[in-house]
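Participant: Residue-level listing of the chains:
2 protein chains.
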Amino acid sequence: MKSFKLFNCMLAFFFTGSLTLNAQEGFPFKLPKEKPDRELSAAMERNYTQYMAPRPEHNELYTQFKYTELKGFDYNGYDGTISRRDPSKVIFENGKYYVWYTYRNTPTKPQGAKKSNDSIPSADWDLSEIWYATSTDGFTWEEQGVAIPRPPKPNIGWRSVSTADILKFKGKYYLYYQGFMEASGKRGDDCPVAVSYADSPDGPWTPYNKIAVNNGKEGEWDQYSIHDPHPFVYKDKIYLYYKSDFDGDPKLVRMSGLAISKNPLGPFEKCPLNPVINSGHETVMFPFKEGMAAMVLKDGNEHFTIQYAEDGINFEIASIVEMMPGAPGPFVPDAFNSNGNGRGITWGISHLSPAFSWKHGMSILMRFDCDLSLDVHDAEMKRHEVYHMNPEYFYKHGLSGKQLQRIKKANEQLKNKNHN
Amino acid sequence: MKSFKLFNCMLAFFFTGSLTLNAQEGFPFKLPKEKPDRELSAAMERNYTQYMAPRPEHNELYTQFKYTELKGFDYNGYDGTISRRDPSKVIFENGKYYVWYTYRNTPTKPQGAKKSNDSIPSADWDLSEIWYATSTDGFTWEEQGVAIPRPPKPNIGWRSVSTADILKFKGKYYLYYQGFMEASGKRGDDCPVAVSYADSPDGPWTPYNKIAVNNGKEGEWDQYSIHDPHPFVYKDKIYLYYKSDFDGDPKLVRMSGLAISKNPLGPFEKCPLNPVINSGHETVMFPFKEGMAAMVLKDGNEHFTIQYAEDGINFEIASIVEMMPGAPGPFVPDAFNSNGNGRGITWGISHLSPAFSWKHGMSILMRFDCDLSLDVHDAEMKRHEVYHMNPEYFYKHGLSGKQLQRIKKANEQLKNKNHN
Chain A
524 MKSFKLFNCM LAFFFTGSLT LNAQEGFPFK LPKEKPDREL SAAMERNYTQ YMAPRPEHNE
584 LYTQFKYTEL KGFDYNGYDG TISRRDPSKV IFENGKYYVW YTYRNTPTKP QGAKKSNDSI
644 PSADWDLSEI WYATSTDGFT WEEQGVAIPR PPKPNIGWRS VSTADILKFK GKYYLYYQGF
704 MEASGKRGDD CPVAVSYADS PDGPWTPYNK IAVNNGKEGE WDQYSIHDPH PFVYKDKIYL
764 YYKSDFDGDP KLVRMSGLAI SKNPLGPFEK CPLNPVINSG HETVMFPFKE GMAAMVLKDG
824 NEHFTIQYAE DGINFEIASI VEMMPGAPGP FVPDAFNSNG NGRGITWGIS HLSPAFSWKH
884 GMSILMRFDC DLSLDVHDAE MKRHEVYHMN PEYFYKHGLS GKQLQRIKKA NEQLKNKNHN
Chain B
524 MKSFKLFNCM LAFFFTGSLT LNAQEGFPFK LPKEKPDREL SAAMERNYTQ YMAPRPEHNE
584 LYTQFKYTEL KGFDYNGYDG TISRRDPSKV IFENGKYYVW YTYRNTPTKP QGAKKSNDSI
644 PSADWDLSEI WYATSTDGFT WEEQGVAIPR PPKPNIGWRS VSTADILKFK GKYYLYYQGF
704 MEASGKRGDD CPVAVSYADS PDGPWTPYNK IAVNNGKEGE WDQYSIHDPH PFVYKDKIYL
764 YYKSDFDGDP KLVRMSGLAI SKNPLGPFEK CPLNPVINSG HETVMFPFKE GMAAMVLKDG
824 NEHFTIQYAE DGINFEIASI VEMMPGAPGP FVPDAFNSNG NGRGITWGIS HLSPAFSWKH
884 GMSILMRFDC DLSLDVHDAE MKRHEVYHMN PEYFYKHGLS GKQLQRIKKA NEQLKNKNHN
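So the protein lines, in turn, are chains A and B. For the first sequence, the working numbering assigns the number 524 to the initial residue and increments by one for each residue that follows. For the second sequence, the working numbering assigns the number 524 to the initial residue and increments by one for each residue that follows.
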């Protein structure tokens, strides 16, 4: 595409002469709603072909995010011994909203891999269980207790079970989750995906006791970790998206892949085009129109984007957003029955991790709202930018001592260069 | 490009069969530094072709921003009667850094167009002058006073002169600025570009007293406003980028265009491919490698991006960033002599507008630092995300009463639907 644009531009200059740039009238004052029939710059071409509308306020996949504190969860004074994180998508069953999440209740806050033992967690998601809560309004929640406990050793997840997501398929419920067989941080954050099933969202849950989604082979991108399993019914199959952390040279790279199965218990076969998302962290998907949309957070070249793939595989950037929720678990009414007509999302549960500070060693759940829905038109959610007016918001993201030294040196070099 | 990707994917599925997705080995664990020779998803293809590196920490056009309070400026207790905003690019001359900016010192804070008169400003940039300051370290500034006063009526800018930027060309200095002939807000924010010149950055400045860059013809996108004039010497010509506000249905659209001249006093001819940037607000450019880079803020589908155009015209997204400076005026050492080897930027002066609150009615200048330079490698500036750990940061961006009503109604509808 790049070279095509360059050619276009050269062509324009060729026809117009190097400084007689009057080949066409100026662009119209009223922004055309459809792509106008004229030579366009690469940016204007993109504005009409890349996005769902030439203005973000008309872009169904553009939104602001708003946040609300949840009622109903106790955190033991935020001392790090109780943590809730990585909420599942929210579903509505039996007249109530349901959400599952990683729950840790340990004698101490996380101590790192070296100091961890059978009761002391290495990381915030170590020695955890999957708990769940229900709500009638989405703001006040009743914690219902454990859904998936840690199974006895050596079963999958005996060290920790975390980061669950829910599937409903042919009247049954399936929870997919990370099953740890050693404390996170011993090598990395290694786990495959486990699954349990039930006839009701209230359980009881039967562990399948086999790996649902295998790690990749040695040398493959997902050989160690399969995180954030994220199932949907799409094109009559189960599409399960997941994240892996890989490389580590020196930092981990985080991308997302897709595994597909006809049967909730597998076998899941991985998409040969994996990874299908090149960025993100706790990336979350939802059915949208005939395809799938994704919220891509934190990491990578394409962090802070909403993306869309008409085929659920080849994602393109649909919008650039700010203040994204952490590990979002949206309420996805049509997660299991979108039938090529996904309607989008308007709210969900996210986590703040770490909450308060790194030292607190814990995470909290909160509610986010947005307008990524074809059925809601909320102008407040389509604003272009959040205004941060307090100078301290900026000054607290200040220079380090090392950076100040670099700057001082550069100033001196410039003065010396100017004197010579 | 989209259809090409879809074809690729269909091809992969065609060759592999619908559920025997094992046409190629899994993607390698070590992220290849160059594009690997294999079928890639659209996202992975983009990760190798769209960005300067497959990881943001190696992307020369990716950065964090850090902020520092400036010393040397008085704001009369922040009561709204003194405002400084829209800094020019910073240049280094005579052993000092120079910056020009919009300075307002009025008996009251801005009162809106209806209440404005000869001494009461309508907007923060009404009844302003261009002032300048110098510094030896970039942190402490000495205000030098006025550079461009408001000329007597009916000269260009008699109502207000604002939003200046500097050009050095063949040993002379040129300040380009917005010249208002009525209070902003009477119709919109209408102005052409004026220019003054001097033999020294300390002046005295001689007004050219003619329009340097004309508004577009009636019905063209830039018929009313030419904002943020932004000159460079590029390909032996003067490339002057500018923003216009247009449409207004119901909101203004903001995009940037380019005008080119061989002579600093014009005539400037507009690029036939205008607009060349489809988003932004106070968009700023700087020479980078053989082309031009742009910082695209606030507004539009591509807000919060750094962009790059090999030809200075056809901009592509180079990175997605956060906490961008407002109206940045970077220190651009090679703004006038990059000769196809632009080295990038590491700091500048930006404004916070509004500062403190809308009610304060004023703006302040601050310093920003970044690493968008080929010569600096500052790992602290290449972090993926700023962590906001305080829950209040999120909760203060909460739902409005109107939104809460919408949500309550949706909850009720869902319950009723479930009961039927």
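Incorrect hints may have been included.
Stretches of chain A that chain B covers, calculated by requiring three or more beta carbons in the stretch to come under 8 angstroms of a beta carbon on chain B [claimed, not checked]:
no.: 1; segment: 673-679
no.: 2; segment: 724-735
no.: 3; segment: 765-773
no.: 4; segment: 866-875
no.: 5; segment: 916-928
These stretches of chain B come out as covered by chain A in the derived footprint (C-beta under 8 angstroms, 3 or more residues) [said to hold, decoys possible]:
no.: 6; segment: 677-689
no.: 7; segment: 736-747
no.: 8; segment: 761-772
Because the hints were derived from the structure by calculation, they are not lab data. Nothing here was measured: the structure is a model prediction, and the numbers come from that model. Positions of the beta carbon are idealized from the N, C-alpha and C atoms, including for glycine.
Participant: Would you mind marking each hint as holding or not holding in the structure?
Facilitator: Cross-check of the supplied hints:
Counting residues of the segment 673-679 of chain A whose beta carbon lies closer than 8 angstroms to any beta carbon of chain B gives 0, which falls below the threshold of three, so the coverage claim is violated. Using a Cβ-Cβ cut-off of 8 angstroms, 0 residues of the segment 724-735 of chain A lie near chain B, which falls short of the minimum of three, so the contact claim is violated. Counting residues of the segment 765-773 of chain A whose C-beta sits closer than 8 angstroms to any C-beta of chain B gives 3, which meets the bar of three, so the coverage hint holds. Counting residues of the segment 866-875 of chain A whose CB falls under 8 angstroms from any CB of chain B gives 3; the rule of at least 3 is met.
Chain B is given as covering the segment 916-928 of chain A, and this holds because 8 residues of the stretch bring a CB closer than 8 angstroms to a CB of that chain, at least three being needed. Coverage of a stretch by a chain is defined here by at least three residues with a beta carbon nearer than 8 angstroms to that chain's beta carbons; for the segment 677-689 of chain B and chain A the count is 0, and the condition is violated. Check result for the segment 736-747 of chain B against chain A: holds, 7 residues qualifying (beta carbon to beta carbon below 8 angstroms, three or more required). Evaluation of the coverage hint for the segment 761-772 of chain B: fulfilled, as 3 residues show C-beta separations to chain A shorter than 8 angstroms, against a requirement of three.
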